[in-house]
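S.K.: Listed below are the residues making up each chain.
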Amino acid sequence: MKPIFALQNLRKSHGERLLLNIDKLELQRGNTYLLLGENGVGKTTLLRIMAGLEAADGGQFQFDGQFVNSDTERAALAPNLIYVHQHSYLFYTNVAENIGYGLKLRGIPKTEREALVAAELVWAGITHLRDVPPNQLSGGEKQRVAMARARVLKPELLLLDEPTANLDDAAREQVVELIAHMRDANNCVIIATHDKELAEIPDAVKLKLEEGRVQG
Amino acid sequence: MTLSEATHQAFVLLLGGDPKLWGIIWVSIRVSTLALISAVPLAVLSGFVLATFTFPGRRALVVILQTLLALPTVIVGLVLYMVLSRQGPLGEWHWLFTQEAMILGQAVLAFPILAAMTLSAVQGVDKRAAETAKTLGASRLQAMWTVLLEARFAVLVAIATGFGRVLSEIGCAMMVGGNIAGVTRNITTAIALETSKGEFAQGIALGAVLVVLALAVNFAMNFFQGKGLTR
Ligand SMILES: Nc1ncnc2c1ncn2[C@@H]1O[C@H](COP(=O)(O)OP(=O)(O)OP(=O)(O)O)[C@@H](O)[C@H]1O
Ligand SMILES: [Mg+2]
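Protein sequence lines correspond, in order, to chains X and U.
The opening residue of the first sequence carries number 1372 in our numbering; numbering runs sequentially from there.
The opening residue of the second sequence carries number 6 in our numbering; numbering runs sequentially from there.
The following block holds chain U by itself, in its conformation from the complex:
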């Protein structure tokens, strides 16, 4: 099959609503969305706390967080694999090769991005915001909430960035998901598999979807950034 034939075939699959193909896309979107939803509350809170309070060990935590940003996805996959495998501490959950395991892995991957970006977002808020809140009668807690709200567009940028990262990662999804057809096979693991089997059409179709999703995420990010910056 030539490249143009494969590309043609890819669009036939996509537009024809091929259930297998769209099932794979759905796994990606579902897993990555749930991963983000699970990671956001704690990650945003952590970033906020690191930006707002000074306490012993804070610097060390920030350095660790920044290091985790560059953590290879296969390392997260490896660690989770060991933790979730039958002999591992969480072996009883029977999560290995399930979507739950992928969600957990992607949540772990998203956490440092979300936390680190929230940290700089909150640090970026004008010092006068908290003072203004307080002088208008806000309690400490209310003033903090106001500051977080002032950073909301930058936090949304963080969420979009995190979503982009987990959507396109493969190492962790492959290791703890296992690329099981109809269960844990997502866009990236499917592309890897189909390509190695020499079936390019589905790979191209999925690749196109991934690029479109990445574009959508970046447009969203751009929109939020624009909102946040033009003050």
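With the rest of the complex left out, here is chain X:
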């Protein structure tokens, strides 16, 4: 099967340190991947390079068979490829506006947008938070908003950077459940984490990042 995302010979250094040195990595549709690794091993850097938020020093990248070697080309994949920050950023409006942000950019009319946002609020279990500004949300609620905001755009590739970092047990459980429901046959979710509990996600493919290399 043609991978949704493939990369070869990715090199990335910070100063003297060769951080990433990945010969080959292929991600398939319908899969959830766990990108595991110690602090500072380069998980965030890898996801950001994939999303085109950072340039690599070298490497070939393909999205759905198309070459996207430059960071600008990869950034242009948005919002079909979405990166969710380790501590996700919510715009200083309210929950509904945040979830509708990408839809508005696409020029989707207001009534349609509202219906899509409402469905997403239900999915994430945050209907009661519809008009709440981000500064009044807990960490877990923020994370759920960020996931709903990405999901409503139906990305084929979703990159989640430590979605459960700094969450208490109850919030983590809810987020893990949402992640498990993000996947469908057509998309691919990759989650950077060192959270053991995320290993509970059924059928997740584990990728271990160690000394700049990915072990399957």
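Calculated from the structure, these hints are not laboratory results.
This one's a predicted model, so the numbers in the text were calculated from it and none came from an experiment.
Positions of the beta carbon are idealized from the N, C-alpha and C atoms, including for glycine.
Possibly wrong hints are sitting among the right ones.
Computed list of lysine-lysine pairs in BS3-like fashion (alpha-carbon distance at most 30 Å, straight line) [as the list claims (entries may be wrong)]:
1. Lys1395/X x Lys1577/X
2. Lys1579/X x Lys132/U
3. Lys1513/X x Lys1373/X
4. Lys132/U x Lys1481/X
5. Lys232/U x Lys1475/X
6. Lys1513/X x Lys232/U
7. Lys132/U x Lys1513/X
8. Lys1373/X x Lys1525/X
9. Lys1481/X x Lys232/U
10. Lys132/U x Lys1525/X
11. Lys1475/X x Lys132/U
12. Lys1577/X x Lys1567/X
Stretch-level coverage of chain X by chain U, calculated; a stretch enters the list once three of its residues show a Cβ under 8 Å from a Cβ in chain U [unchecked claim]:
13. 1403-1410
14. 1440-1452
15. 1467-1479
Go by the hints and put chain U with the ligands onto chain X.
M.R.: Chain U with the ligands in isolation, oriented as in the chain X frame:
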């Protein structure tokens, strides 16, 4: 007249709706508001550009902007006076000693405050804001607009600060406005004149109004700051 008599007289003037007095107050508010309206678009854009892009000469522009913050109002008045006087390059406009000249002067005074504060407001926006916008499908321009919107409360603080500065300045208004009764006489120039003539009542009344306006501006600023900071 004693101080208490003068103060009493001041409130009689204010509450009695003395047309001359309220006319002076109106000149101040009108001139300062129009000055802000004229300065805001270009100043906010400049601050935004300086915060967003790196280009040769950027550092120099920022230093110049910061220097302009401390520019004495009489210097702006002096330069504008020369530019607008009959022999000056804009002498044909016949703007000297008109409200237009005061508006221009105050817009020039407000510009560096607005631009410098917008600059730091935009720089203060979390780097993840632009990245989040882009990853959700925003174009470069749309992402920039989102960043500016994220800074909106701090930009409103800048506008309130600029308004406070031009409302209370006197040097420029005096020089290019000329303190003409019923035309260019505003709160600050009137206070200076009335006091030098020994008429304290009107000075006190106008001073009180100025303080109230300054308070209102600061409350507005505080409100916006509160909004912006509690994220
Ligand atoms: N701009 C930069 N300049 C220099 N070094 C950097 C830069 N960005 C990241 N690094 C370094 O690269 C390494 C990998 O960082 P990265 O954030 O990708 O790790 P991570 O696996 O996501 O870690 P964590 O689990 O803590 O999130 C770190 O040692 C970090 O200090
Ligand atoms: Mg990380």
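S.K.: Each hint should be assessed against the structure and marked as holding or not.
M.R.: Now for the hints, and whether the structure bears them out:
Among the hinted pairs, Lys1395/X with Lys1577/X is consistent with the structure: their alpha-carbon atoms are about 15 Å apart, no more than 30 Å. For the proposed pair Lys1579/X and Lys132/U, the alpha carbon gap of about 28 Å is at most 30 Å, so the pair holds. Distance check on the hinted pair: Lys1513/X and Lys1373/X sit about 34 Å apart at the alpha-carbon level, beyond 30 Å; violated. For the hint pairing Lys132/U with Lys1481/X, the CA-to-CA distance comes to about 29 Å; that is within 30 Å, so the pair holds.
For the hint linking Lys232/U to Lys1475/X, the alpha-carbon distance of about 24 Å falls within 30 Å, and the restraint holds. For the suggested pair Lys1513/X and Lys232/U, the alpha carbons sit about 19 Å apart, so the restraint of at most 30 Å is met. With a C-alpha separation of about 18 Å, the suggested pair Lys132/U and Lys1513/X falls inside the 30 Å cut-off, and the hint holds. Straight-line distance between C-alpha atoms of Lys1373/X and Lys1525/X comes to about 20 Å, which keeps the hinted pair within the 30 Å bound.
The suggested pairing of Lys1481/X with Lys232/U holds, with an alpha-carbon distance near 27 Å, which does not exceed 30 Å. With a C-alpha separation of about 25 Å, the suggested pair Lys132/U and Lys1525/X falls inside the 30 Å cut-off, and the hint holds. Of the supplied pair hints, the one linking Lys1475/X and Lys132/U holds, its CA atoms being roughly 22 Å apart against a limit of 30 Å. Among the hinted pairs, Lys1577/X with Lys1567/X is consistent with the structure: their alpha-carbon atoms are about 11 Å apart, no more than 30 Å.
With 0 residues having a beta carbon nearer than 8 Å to a beta carbon of chain U, the segment 1403-1410 of chain X misses the requirement of three or more and the stated coverage is violated. Residue count for the segment 1440-1452 of chain X with a Cβ under 8 Å from a Cβ of chain U: 4. That meets the three needed, and the coverage hint holds. Here the segment 1467-1479 of chain X counts 4 residues with a CB under 8 Å from a CB of chain U, which clears the bar of 3, and the coverage holds.
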